Amino acid sequence: MSIFDYFRSKKNSSASLAKERLQVIVAHERGIRQQPEYLPKMQQEIIEVIKKYISIDNDQVKVTLDNSDHCSILELNVTLPDKG
Amino acid sequence: MAEIIVVTSGKGGVGKTTTSAAIGSGLAIRGHRTVIIDFDVGLRNLDLIMGCERRVVYDFVNVLNKEANLNQALIKDKRNDNLFILPASQTRDKDALTQEGVQAILSELAETFDYIICDSPAGIEKGAQMALYYADQAIVVTNPEVSSVRDSDRILGILQSKSLRAETAAEPVKEHLLLTRYNPQRVEEGEMLSIADVEDILAIPLLGVIPESEAVLKASNQGEPVIFDESADAGQAYSDAVARLLGESVALRFVEAGKKGFLKRLLGAN
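Keeping their order, the protein sequence lines are chains A and B.
The first sequence begins at 1 in the numbering used here and counts up one residue at a time.
The second sequence begins at 1 in the numbering used here and counts up one residue at a time.
Some hints here could point you the wrong way.
To be verified - Cβ-to-Cβ under 10 Å is the rule here; a few derived chain A residues that face chain B:
hint, residue
1, Ser13
2, Ser14
3, Ser16
4, Lys19
5, Arg21
6, Gln23
7, Ile25
8, Val26
9, Arg33
10, Leu39
11, Pro40
12, Asp69
As the list claims (entries may be wrong) - To give an idea of the chain B side of the interface with chain A (calculated C-beta under 10 Å), a few residues:
hint, residue
13, Glu125
14, Pro144
15, Glu145
16, Val149
17, Arg150
18, Asp153
19, Ser161
20, Glu189
21, Gly190
22, Glu191
23, Ser194
24, Asp197
25, Val198
26, Leu202
27, Leu206
Stated by the list, open to error - The calculated lysine-lysine pairs, modelled on DSSO-like cross-linking and capped at a C-alpha distance of 27 Å, are:
hint, chain 1, residue 1, chain 2, residue 2
28, B, Lys162, A, Lys41
29, B, Lys126, A, Lys41
30, A, Lys19, B, Lys126
Hint data in this document are derived by calculation from the structure and do not stem from the laboratory.
For clarity, every value in this text was computed on a predicted model and none was experimentally measured.
Don't be surprised by glycine CBs; every beta carbon is placed ideally from N, CA and C.
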């Protein structure tokens, strides 16, 4: 480190940027990995059921499974189309 | 009963074969009967790193297909009587490996060896999964660099879900982090992930830190595992890692940047 770099904050170093990016992507990928195997198929079937009644696109349905210490929460989020 | 240790990483080029050769040799130097198996069928390189490429007659796949027996395929190291190499086939692909075949070879080796080191191919496909399936322990070789760390996390996920120990709900595979090509100078300058950064993200116990070193290329040029180079920093760092693998407590070396003079620091010269 030269005198010119001396006042540059460590926070802005490329290594800390690398660490931040890794923490985000690794946490995201671990989340996907820990999903049960049935989740994608179940998500597809839920979408099919909703489609029988309402015209929606696949990306308007979000199914997520969150695990906390004692329980798992299955969250279903459907964006209904504008009334028109 | 032999201990099966897989050397794996997900990403290629991070030092799996260098590490397999060094750790295997280190265990043999300490008196343990050790065999290193090259699982990289189709792209064998362990023979070159060990310096026995001209002595390969039969290989892993020949034994698997019963075209040769284990004793015909095993190559005894010229430097150490406790050390053997089972080379990969160069003419076949990973589909030549079957789970039953690999299991049969590993059980036969387990009768006479203390340690079986499985040098995994890169990737997360069949070859890598075969190499780690029967492992008791895993050395995850990681460079302090984003793609390597991410791939290491991926391979840890596979160890925790697709190994025999995971599938049978046995005691999990014992995981070790080996950080290679570490450059303390660049870490100090904030240009490279530090040991603590990588430990934070991967959250597995650290087995050792191998410094970026000219000795590693020199060793591969000569076909002599770097651990035999007792004067080299990388060789000594691998010896320390072997000691820790055997349960000894050894302090980390070569992880601090060399002290530079005041003028050099002022001018930023390397």
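**Request:** Would you settle whether the hint for Pro144(B) is holds or violated, based on the nearest Cβ-Cβ distance to chain A being less than 10 Å?
**Result:** Since the shortest Cβ distance to chain A is 8 Å, the answer is holds.
**Request:** Using 10 Å as the Cβ threshold, decide whether Glu125(B) counts as touching chain A.
**Result:** violated (17 Å)
**Item:** chain B contact restraint on Ser13(A) - CB to CB distance below 10 Å
**Value:** holds (3 Å)
**Request:** Report holds or violated for the interface hint on Val198(B), using the least CB-CB distance to chain A and a cut-off of 10 Å.
**Result:** Since the shortest Cβ distance to chain A is 9 Å, the answer is holds.
**Request:** Verify the interface restraint on Ser16(A): the C-beta must sit less than 10 Å from at least one C-beta of chain B.
**Result:** Where the cut-off is 10 Å and the nearest Cβ of chain B is about 7 Å from Ser16(A), the hint holds.
**Item:** Cut-off 10 Å, beta-carbon criterion: hint that Glu191(B) touches chain A
**Value:** Cβ of Glu191(B) sits 6 Å from chain A, so the hint holds.
**Request:** Using Cβ atoms only, decide whether Asp69(A) comes closer than 10 Å to chain B, and label the hint accordingly.
**Result:** violated (18 Å)
**Request:** For the pair supplied as a hint, Lys162(B) and Lys41(A), confirm whether the alpha-carbon distance does not exceed 27 Å.
**Result:** holds (21 Å)
**Request:** Verify the interface restraint on Asp153(B): the C-beta must sit less than 10 Å from at least one C-beta of chain A.
**Result:** holds (5 Å)
**Request:** With a cut-off of 10 Å on the beta carbons, see whether Ser161(B) makes it to chain A.
**Result:** OK, holds: Ser161(B) within 10 Å of chain A, min 8 Å.
**Proposed interface contact between Gln23(A) and chain B, which counts if any beta carbon pair is under 10 Å** = holds (6 Å)
**chain B contact restraint for Lys19(A) - C-beta distance below 10 Å** = holds (5 Å)
Checked against the numbered hints given earlier, the structure breaks hints 10, 11, 12, 13, 27, 30 and satisfies all the rest.
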